[in-house]
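J.: Chains as they are written, first to last, in my numbering: chain A, 1 to 248; chain B, 1001 to 1325.
Incorrect hints may appear among the rest.
What the hints assert, rightly or not - Here are the computed lysine to aspartate or glutamate pairs in the EDC-like style, where the Cα-Cα straight-line distance is at most 16 Å:
(1) Lys-162/A to Glu-1191/B
(2) Lys-219/A to Glu-1191/B
(3) Lys-1071/B to Glu-155/A
(4) Lys-196/A to Glu-69/A
(5) Lys-1146/B to Glu-69/A
(6) Lys-1071/B to Glu-166/A
(7) Lys-162/A to Asp-1200/B
(8) Lys-1188/B to Glu-166/A
Quick caveat, the hints were computed from the structure, so don't treat them as lab data.
Read off the chains here:
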Amino acid sequence: MKIAVCISQTPDTTTKIKINSDGRTIDPNGVTYIINPYDEFAIEEALKLKEKFGGETIALMVGKESVKETMRKTFAMGIDKGILVKTDLDLDSFSVAKNLADVLKDLTADIILCGKQSIDYDDSQVGALISVFLNLPYVNVVTELVIEGNNVTAEREIEGGKEIVETTLPCIIGTQKGLNNPRYPNLKGIMQAKTKPIEDREITYKDNLTEVIDMSLPKSKSKGKIIGYDVSAVPELVRLLREEAKVL
Amino acid sequence: MSKILIFTETRGNKIKNSGYEVASTGVSLAKELNCEAYALLIGNNLSEVKASLSDYGLNKILLAEKQEFEKYSNSVYSKIIADTSTEIGADIIFFSATAMGRDLAPLVAGKLNAGLAVDCTEIKVDSSEIVATRPVFAGKVNVRVKINSPIKIFSLRPNVFKATNTHGPEPITENVNIDLTPDDYITKVKEVTISNDKLDVAEANIIVSGGRGLKTPENFKLIEELANTLGAAVGASRAVVDAGWRPHSEQVGQTGKTVSPNLYIACGISGAIQHMAGMSTSKCIVAINKDKDAPIFQIADYGIVADVFEILPSFTEELKKLLSN
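Put together the whole structure using the sequences plus the hints.
T.: What follows is the structure in structure tokens.
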């Protein structure tokens, strides 16, 4: 089975985010980058599929040369090789998806996995867009995946429940927490990660459809009230919720 | 600008609350841009559902009604929405950022080569440009974006925009007929399972959330009692979900759900950044925690620094008294 995983790197959530002086971009200095947490479920699923069906796993990324550091983290988990569409440009989801689709077109993977969304821009667009560009079925927010021959049964999370979705290979799956437990890299994996191959590709598309006007920090809430330190504060809390906040 | 198309989600023969919010926002944007607003409903037996949309100021309600559409299929629905949009010449398409909306919006965007702004918390017209605001980086940053493609798609965060009745003329209803082949049904929902009848956090107006401060899974009974009294949904921090005390569907936070209720009551939750990312746009936040330095107090509107076991039973009692009057 040929298994492709589209991943991105994101700032660690605990990183303090600073906006550049241009007001439109994030200052990368001092930021620790990690594999987008949702992509870890995609990587783990790819590794499990390879264990079950044999074949190879390929990680795909779009970004600067420096993102190879993140790609090697996927190698350390067990991914076989990678392809980087190398660019310094700020690409939006549409452009990223176009570039990945152009690589995937020739790769003819049996299944393409990606995290349900990236935790920096929370777009959850790339997997869906790739599915349209490649005319492949797409199921997102998957918490369970069963593949039998060419038949795919995926459990997908919705408000208050789950949908069982049926489709066929090749397809694109967006992975959600709960699908699996991503493995930690072992020593062997970490050593091998240094020598696994990464192929560089040129970008094939760069016309962003969305444009950032500016970024700002949310208005800091006016200081809240500590109403009290014991049970005697409860009636006052109820009164405030009723009369001041008007939420009861 | 000629038309705004609003995909109005239906589930179990009802329009979700967020559907009315998106319809109202679409209608008011249409007024500002001097164009028309149409709603699109997809499903079966839509007459009841259609009637509930008559009071929101829409110019037209489009119905894609067929037995085959009763079960959701993202490939079928996205094709219907994209083709309908092209047929009527819509420049703007609205979705609610629900599970279905987040699934469909990028598929439609791909089909129409359109830019998409996801999970917007504000939509404004600024010098005849539509500017959308959306939270990014776990809510640490707000970004304002505009879309440069001819067709612009927006998904709106549920529970942020208002649904308003307008008592205008009733909208015209029209059936849409989109040609579909068996290939279009490439993804099919075989079955939907609803987890109990519990109100889902993503849909609730009030959420009572518990964290490690509850000490044991059995103590969540206190959270459930308070939630029942308020008609609220129960939420949970990642710590207690990872510990197996509560299901993942209740998890609020970056790797759980993002919620924006009217009232969020955080009990025994310290307020890790990832948790706050999932609930910081709640309109009113109450925190109960015995640690006065807990980060949750920085975003809470009201706080009680005390043990949850001391506060919750009394809080539930006081609310029972208030709500029965």
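J.: Hint by hint, note whether the structure agrees.
T.: A quick look at each hint next to the structure:
Proximity of Lys-162/A to Glu-1191/B is assessed by CA-CA distance (about 8 Å); at most 16 Å being required, the pair is judged to hold. The straight-line distance between the Cα atoms of Lys-219/A and Glu-1191/B is roughly 43 Å, outside the 16 Å bound, and the hint therefore fails. A hinted pair counts as satisfied when its Cα atoms are at most 16 Å apart, and Lys-1071/B with Glu-155/A qualifies at roughly 15 Å. Between Lys-196/A and Glu-69/A, the direct Cα distance comes to roughly 12 Å. Compliance with the 16 Å bound is thereby established for this hinted pair.
Distance hint between Lys-1146/B and Glu-69/A is unfulfilled; the C-alpha atoms sit about 32 Å from each other, more than 16 Å. Under the criterion of a C-alpha separation no larger than 16 Å, the hint pairing Lys-1071/B with Glu-166/A is consistent with the structure, at around 12 Å. A distance of roughly 12 Å separates the Cα atoms of Lys-162/A and Asp-1200/B; the hinted pair therefore holds under the 16 Å criterion. With a CA separation close to 5 Å, the supplied pair Lys-1188/B and Glu-166/A stays within the 16 Å bound.
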